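Protein chains: 2
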Amino acid sequence: MISPDKINYYFGNNLRKFREAKGCSQEEFAEICKISRAYYGRIERGEHSITIEKCALIAQALGIHISVLFTDLPD
Amino acid sequence: MISPDKINYYFGNNLRKFREAKGCSQEEFAEICKISRAYYGRIERGEHSITIEKCALIAQALGIHISVLFTDLPD
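Same order as they appear, the protein sequences are chains H and E. Under UniProt numbering, the first residue of the first sequence carries the number 1, and numbering increases by one thereafter. Under UniProt numbering, the first residue of the second sequence carries the number 1, and numbering increases by one thereafter.
Since the hints were derived computationally from the structure, they do not count as laboratory data. Values in this document were obtained by computation on a predicted structure and should not be read as measured data. Be careful, since some hints might not be right.
Heads up, simulated DSS-like pairs for lysine-lysine below, C-alpha to C-alpha not over 25 Å straight-line [what the hints assert, rightly or not]:
no., chain 1, residue 1, chain 2, residue 2
1, E, LYS34, H, LYS34
2, H, LYS34, H, LYS22
3, H, LYS6, E, LYS34
4, E, LYS34, E, LYS17
Could you put the whole structure together from the sequences, leaning on the hints where they help?
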């Protein structure tokens, strides 16, 4: 299981892959999610631990089930 | 996709199933997770939106991959 102190880093990296696969810049994707670009950048860099509410918002914006945001994270 | 305003409720309900399957009281499980019983109770009742760091802590305590905390949540 991923330790709590590494999850933000892995989650942010994984999120970047989803965003890039969607062909969005950070700015465009932050706008879709209705969060600030600066805040979104911190999430991708693993500098912030987001809530499951923000995860649901991001999953909605990507059109995926919330669990898929975590599926590829290391064990 | 689950809307952000419903995720805390569904997550809390799902977490209660995992805890009960482990045969722990809220008090015992909160102690394993090193969080207060009151705070843990709010999470299960859906009154609080926890961070992915706390999700990693809970997944570790349950011995499951973090994505499994979300797998059974409604689409």
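Does the structure keep LYS34/E and LYS34/H at a Cα separation of 25 Å or less?
-> Not satisfied, since the Cα-Cα distance of roughly 33 Å exceeds 25 Å.
Given the hint that LYS6/H pairs with LYS34/E, does the C-alpha gap stay at or below 25 Å?
-> This hinted pair holds, its Cα atoms lying about 18 Å apart.
Given hint LYS22/H paired with LYS34/H - CA-CA distance at most 25 Å = holds (16 Å)
Compare the distance between the alpha carbons of LYS34/E and LYS17/E with 25 Å, and conclude whether the hinted pair is satisfied.
-> Given pair LYS34/E, LYS17/E holds - Cα atoms ~19 Å apart, limit 25 Å.
Hint compliance for this structure: hint 1 alone is broken.
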